[in-house]
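Novice: Sequence:
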Amino acid sequence: AELNIPVWNIINEAEKFSTYFASATAKKLMSYADLINTLSLGKEETDAYSKAREIAFGSGIMKELRDGKMPEEISRYENMEELLNAIKAFTEASETNGEPATLEAYMATVALLTDQDNEKEEDRDKVTLMTMHSAKGLEFCYVYIVGMEDTLFPSPLSAGSSKELEEERRLFYVALTRAKKQAMLSYALNRYKWGNLERSNPSRFLREVDPKYLHYPQTGGKPFRNGTADKEKPDRFREEPVHFTPPPRLRKFRTDSEPNTRISPVTNGITMSDFSEGDSVVHERFGQGIIVSIDGEAPNKTASVEFEDSGRKKLLLRFAKLRKV
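Position one of the sequence shown corresponds to residue 20 (my numbering), numbered consecutively onward.
For the record, the hints were derived by calculation from the structure and aren't laboratory data. A portion of the hints provided could be inaccurate.
Stated by the list, open to error - Here are the simulated SDA-like pairs of lysine to any residue, each with C-alpha atoms no more than 20 Å apart in a straight line:
1) K231 with P221
2) K155 with K200
3) K47 with V26
4) K35 with K47
Remember, it's a predicted structure, so these values are computed and weren't measured experimentally.
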């Protein structure tokens with residue numbers, strides 16, 4: 020404030036302000052600035068997942084959390100894994116839709132808002148999201164426990180220690196007994212692990228629940244008997260390729276006015292140079308429109324298209340799957 024210079028400018032040029040810092044502090048600031056500048060390289064050309072993964076591991080955050088033994092550190096490590104999985108889903112969905120898939124674009128789609136201390140009347144009859152630790156002492160008519168999968172709950176860091184495994188088992192009991200009427204337990208058949216879609220196995224804790232207390236949906240999984248899973252492998256676990264479907268938050272929903280037929284992608288004999296301003300085009304999700312402008316250079320050339328039903332969209336041509344009409 021005294022120098023009237025932005026903080027980042029001081030950090031980025033710490034050697035010029037050495038009189039204001041101890042030499043050790045100046046070296047740390049310079050090292051930090053080098054790290055940030057290095058991680059910032061290619062942020063506009065690199066997809067969100069690749070850049071986020073580079074930041075998470077290149078900064079040392081993942082190593083520090085992975086080496087931690089405290090429950091809070093383990094939880095933060097798992098949160099980072101889920102964050103990267105969410106960014107991976109965003110990246111694939113954006114590229115499929117021909118939209119920018121940079122980390123900046125991802126940040127524009129998310130908002131972190133906590134207003135728990137100012138609960139409004141209209142918010143009381145809604146779902147409350149919380150960790151199992153924070154649910155201690157609370158009760159709800161209905162409780163939903165998700166992620167009941169081995170490698171998630173219990174976590175792989177606890178599976179090798181009987182003491183830590185027992186602690187997670189106790190935590191499951193705490194979560195289960197928060198329900199006054201009904202508890203719903205669920206697990207994913209497939210889940211992203213560090214960017215790769217992998218098959219999931221039901222948590223061992225599910226097999227420890229007495230079957231008489233469990234009700235299985237008609238379309239759901241098979242019961243666990245005698246503390247072990249059925250030996251017969253359910254049909255849905257048969258070996259076959261797994262196809263990813265973006266979660267609802269990222270999926271583009273089709274309206275009645277949008278065409279119901281699939282359109283060949285841009286790469287089918289059409290190059291980015293084949294498009295120009297004024298072209299009439301069709302997009303498989305947004306329908307028919309007119310190219311208003313084209314910006315940038317290959318491979319990051321974008322087109323602003325005014326669609327009849329969807330309004331103006333800015334699309335990355337190499338992923339847009341546009342077709343001239």
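Novice: None of the hints should be skipped; say for each whether it holds.
Specialist: Hints versus structure:
Simply put, K231 and P221 have alpha-carbon atoms about 18 Å apart, close enough for the 20 Å limit, and the pair holds. Straight-line distance between C-alpha atoms of K155 and K200 comes to about 17 Å, which keeps the hinted pair within the 20 Å bound. Our distance criterion of 20 Å between C-alpha atoms is met by K47 and V26, whose separation comes to about 15 Å. Only pairs whose Cα atoms come within 20 Å are accepted, and K35 paired with K47 is accepted, the gap being roughly 14 Å.
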